[in-house]
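Chemist: Residue numbers (our numbering), protein chains in the order written: chain A, 1 to 400; chain B, 1 to 264.
What the hints contain is simulated information worked out from the structure, not anything from laboratory work.
Don't take each hint at face value.
[To be verified] Derived coverage of chain A by chain B (criterion: at least 3 residues anywhere in the stretch with Cβ under 8 Å from a Cβ of chain B; other residues may be distant):
1. 103-116
2. 123-133
3. 138-149
4. 186-192
5. 320-334
6. 363-375
[As the list claims (entries may be wrong)] Between beta-carbon pairs, the in silico distance windows are:
7. B/K51 to A/K21: 51 to 57 Å
8. B/P63 to A/M30: 17 to 23 Å
9. B/E181 to A/R364: 28 to 34 Å
10. A/S26 to B/P231: 15 to 21 Å
11. A/E239 to B/E264: 20 to 26 Å
12. B/R47 to A/A388: 44 to 50 Å
Built from N, CA and C at the ideal position, the CB exists for glycine as well.
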Amino acid sequence: MDNAPIIIDSEKCKGCKKCVKGCPFSALEMVGKKAVLVGDCRACGACIEICPFGAITARKEVNKNQAQLANYKDIWIFAEQRDGKVQNVAFELLATGKELAEDRGCNLCAVLLGYKVSNLAQELIKHGADKVYVLDDPNLGEYEADTYTDALNKLILKYKPEIILAGATAIGRSFIARTATRVHTGLTADCTALSIDKESHLLHQTRPAFGGNIMATIMTPHHRPQMATVRPGVFQQGEPDPDRKGETLIEQLEVAARKLKLIRSIRKEDEEDDIAEAEVIVSGGRGMMKGENFALLEELAKLLGGSVGASRPCVDAGWVPVSRQVGQTGKTVAPKIYLAFGISGAIQHLAGISAADYIIAVNRDERAPIFGIANLGIVGDVMDVLPALIDVVKKTKAGN
Amino acid sequence: MHIIVCIKQVPDTANVKINPETNTLMRDGVESIINPFDEYALEEALRLKDKHGAKVSVITMGPPQASVILREALARGADEGILLTDRAFAGADTLATSYTIALAVKKINPHPDLVFFGKQAIDGDTGQVGPGVAECLGIALLGNIKTLEVENGRFRAESAHENGSDILEGDLPCVMTVLKEASSPRFARLRGWMDAKHAPLQKWSAQDVEADPEKLGLKGSATKVVRIFSPPIRGCELKCVWSTDKEVALKSVMGTLVKKGILE
Chain A
1 MDNAPIIIDS EKCKGCKKCV KGCPFSALEM VGKKAVLVGD CRACGACIEI CPFGAITARK
61 EVNKNQAQLA NYKDIWIFAE QRDGKVQNVA FELLATGKEL AEDRGCNLCA VLLGYKVSNL
121 AQELIKHGAD KVYVLDDPNL GEYEADTYTD ALNKLILKYK PEIILAGATA IGRSFIARTA
181 TRVHTGLTAD CTALSIDKES HLLHQTRPAF GGNIMATIMT PHHRPQMATV RPGVFQQGEP
241 DPDRKGETLI EQLEVAARKL KLIRSIRKED EEDDIAEAEV IVSGGRGMMK GENFALLEEL
301 AKLLGGSVGA SRPCVDAGWV PVSRQVGQTG KTVAPKIYLA FGISGAIQHL AGISAADYII
361 AVNRDERAPI FGIANLGIVG DVMDVLPALI DVVKKTKAGN
Chain B
1 MHIIVCIKQV PDTANVKINP ETNTLMRDGV ESIINPFDEY ALEEALRLKD KHGAKVSVIT
61 MGPPQASVIL REALARGADE GILLTDRAFA GADTLATSYT IALAVKKINP HPDLVFFGKQ
121 AIDGDTGQVG PGVAECLGIA LLGNIKTLEV ENGRFRAESA HENGSDILEG DLPCVMTVLK
181 EASSPRFARL RGWMDAKHAP LQKWSAQDVE ADPEKLGLKG SATKVVRIFS PPIRGCELKC
241 VWSTDKEVAL KSVMGTLVKK GILE
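Could you put the whole structure together from the sequences, leaning on the hints where they help?
Modeler: See below:
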């Protein structure tokens with residue numbers, strides 16, 4: 001393979017097979033006691049690190065447009081607003097963006113799209129934005145992927161940002177991906193860590209893959225802007241500084257006309273909380289035995305000011321609505337505390353809770369996989385533990 | 001009406017195990033399935049076919065064995081299956097994948113009425129290819145569809161988001177990503193399987209879709225994976241047995257709740 005991402009020096013290869021075992025993509029095989037690239041190499045570099053003999057090296061890529069790339073500067077965050085309210089994820093991105101901008105030695109800018117939203121710029125400055133680009137246009141009044149793409153694309157062409165971060169929300173996931181394709185650059189979804197590489201000054205984008213079974217660090221070396229999305233709640237927001245000064249730039253760019261007609265908006269009732277944003281989640285699995293027992297979880301969640309979640313079998317059994325489902329095919333959550341009652345911990349469920357700060361698991365089976373990821377494990381019957389816990393919480397709250 | 005559904009073959013992550021020595025995925029013997037989210041996209045297409053009559057074409061990009069999921073789609077009621085397979089596609093990120101799939105869509109029909117995707121694939125979890133293909137095709141994009149009705153070249157759809165949902169109307173064509181809430185996937189009937197078993201599948205290479213080799217696979221990808229590693233293992237800081245350590249268990253839970261600022 002002439003243009004394979006790695007080069008194996010057959011002189012240096014001693015046939016130890018470590019690279020074959022270590023390749024996450026099963027792309028290497030032994031042919032006549034030498035390692036040979038046979039499969040789909042993803043250029044992850046795992047084999048280069050593993051090889052004890054230095055027989056594997058990365059193919060150096062010639063970069064033709066280095067000078068052009070240097071024209072791109074500053075870090076942007078997409079400041080998502082819905083119904084005239086800046087979403088928390090925007091503040092979380094500002095906090096992370098601020099650290100990155102310091103490391104990179106550049107400005108941190110926010111992009112605000114909408115109609116009659118200019119007044120929100122000040123809030124973004126208080127949270128760390130040096131500049132806020134505002135595109136205030138009736139065509140951006142209601143979210144539409146195509147008009148938002150048009151707007152962001154025009155701003156990118158005008159100002160050439162080096163990095164753009166956005167929330168992995170319904171809005172971010174749709175038009176940010178469309179925009180990345182329009183400007184022909186890379187986009188890394190659902191990053192859980194971002195940093196500036198000291199040598200290359202490129203953005204290191206780390207994300208879970210295969211349902212959180214492996215982590216991958218990704219870079220966008222030859223395209224600009226470098227784009228990444230981050231799920232809400234993954235990063236912490238900072239304290240706003242009321243005295244912070246920044247610049248608000250009201251942009252006068254023509255935005256494409258809307259193609260869709262909004263017939264009706266349905267807004268969730270206030271009591272219907274979103275588990276994706278909850279600080280405490282009290283979650284139940286098959287071990288709850290029956291749907292009625294979820295009342296105990298409701299009670300505990302209420303006492304702790306949290307939300308009730310569930311694993312997939314409970315949703316399939318009709319015990320709880322699909323909006324409660326935590327896991328890969330449900331929602332990914334990032335609470336401060338995740339309490340798992342009677343959840344064994346299938347990989348799909350664990351993938352949905354890996355961003356939780358602290359996990360408490362209660363399960364009858366001491367070998368349940370959930371204990372491998374939990375910080376605190378209790379081996380016992382949920383129907384014994386739950387009422388006792390509710391009782392203690394009640395007493396503690398009454399005592400205060 | 002012509003509906004094109006894009007589906008992906010993925011490893012059934014429910015059964016993926018980790019090799020404890022190397023911390024890599026053990027893919028041997030892991031069953032490959034239709035990406036569960038894509039099943040809702042396919043079902044939505046078949047539902048529209050049942051109601052209005054439509055041609056349903058299904059595309060997948062992957063290795064030759066991905067043809068299995070095309071046969072499954074045919075067995076459920078799709079009309080044709082196209083397998084995009086070529087060594088040159090390997091290692092594609094979402095940018096290169098979007099480019100490739102869009103070429104295939106255009107070859108099937110330069111003016112499709114609807115192009116459906118699932119919300120995301122369970123192996124990559126990005127959800128970026130649907131919007132990317134919409135861009136390459138230059139047609140409207142609507143994400144997270146919960147309900148959909150089509151009549152006289154127009155559609156009315158409910159699109160979900162964190163604050164609730166919006167009911168929108170627009171003209172076809174449109175690229176849509178379909179949610180679980182839209183419908184429950186049907187099972188293939190035995191007769192469907194019998195017919196699908198021998199139905200001809202089309203197999204297209206990079207050349208067949210007249211792709212620019214520079215825009216394909218690893219070469220055409222803007223993102224590069226620079227490192228793969230195992231996530232840090234939390235490990236239980238404390239594991240206690242309720243029947244004997246009831247007091248310790250409760251004290252630990254309460255201590256954590258206070259420490260995290262949930263209780264005073």
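Chemist: In this structure, is the beta-carbon distance linking B/E181 and A/R364 contained in 28 to 34 Å?
Modeler: holds (33 Å)
Chemist: Could you see if the CB distance from A/S26 to B/P231 stays within 15 to 21 Å?
Modeler: holds (20 Å)
Chemist: Has the stretch 186-192 of chain A got at least three residues whose CB is nearer than 8 Å to a CB belonging to chain B?
Modeler: Since 5 is at least three, the answer is holds.
Chemist: Is the gap between the beta carbons of B/P63 and A/M30 within 17 to 23 Å?
Modeler: holds (22 Å)
Chemist: Examine the stretch 123-133 of chain A for residues whose CB is less than 8 Å from any CB of chain B, and state whether their number is three or more.
Modeler: violated (count 0)
Chemist: Do the Cβ positions of A/E239 and B/E264 conform to the proposed distance bound of 20 to 26 Å?
Modeler: holds (21 Å)
Chemist: Could you check the hint for me, namely that B/K51 and A/K21 are 51 to 57 Å apart, CB to CB?
Modeler: holds (52 Å)
Chemist: Can you tell me if the stretch 103-116 of chain A counts as covered by chain B, using C-beta to C-beta distances under 8 Å and a minimum of three residues?
Modeler: violated (count 0)
Chemist: Has the hinted range 44 to 50 Å been met by the Cβ atoms of B/R47 and A/A388?
Modeler: holds (48 Å)
Chemist: With a C-beta cutoff of 8 Å, work out whether three or more residues of the stretch 138-149 of chain A approach chain B closely enough for the coverage to hold.
Modeler: With 5 residues closer than 8 Å to chain B, the stretch 138-149 of chain A meets the three-residue bar; holds.
Chemist: Check whether three or more residues of the stretch 320-334 of chain A sit with their beta carbon closer than 8 Å to a beta carbon of chain B.
Modeler: Check passed, 3 qualifying residues.
Chemist: Checking C-beta pairs, does the stretch 363-375 of chain A have three or more residues closer than 8 Å to chain B?
Modeler: holds (count 6)
Checked against the numbered hints above, the structure violates hints 1 and 2; every other hint is satisfied.
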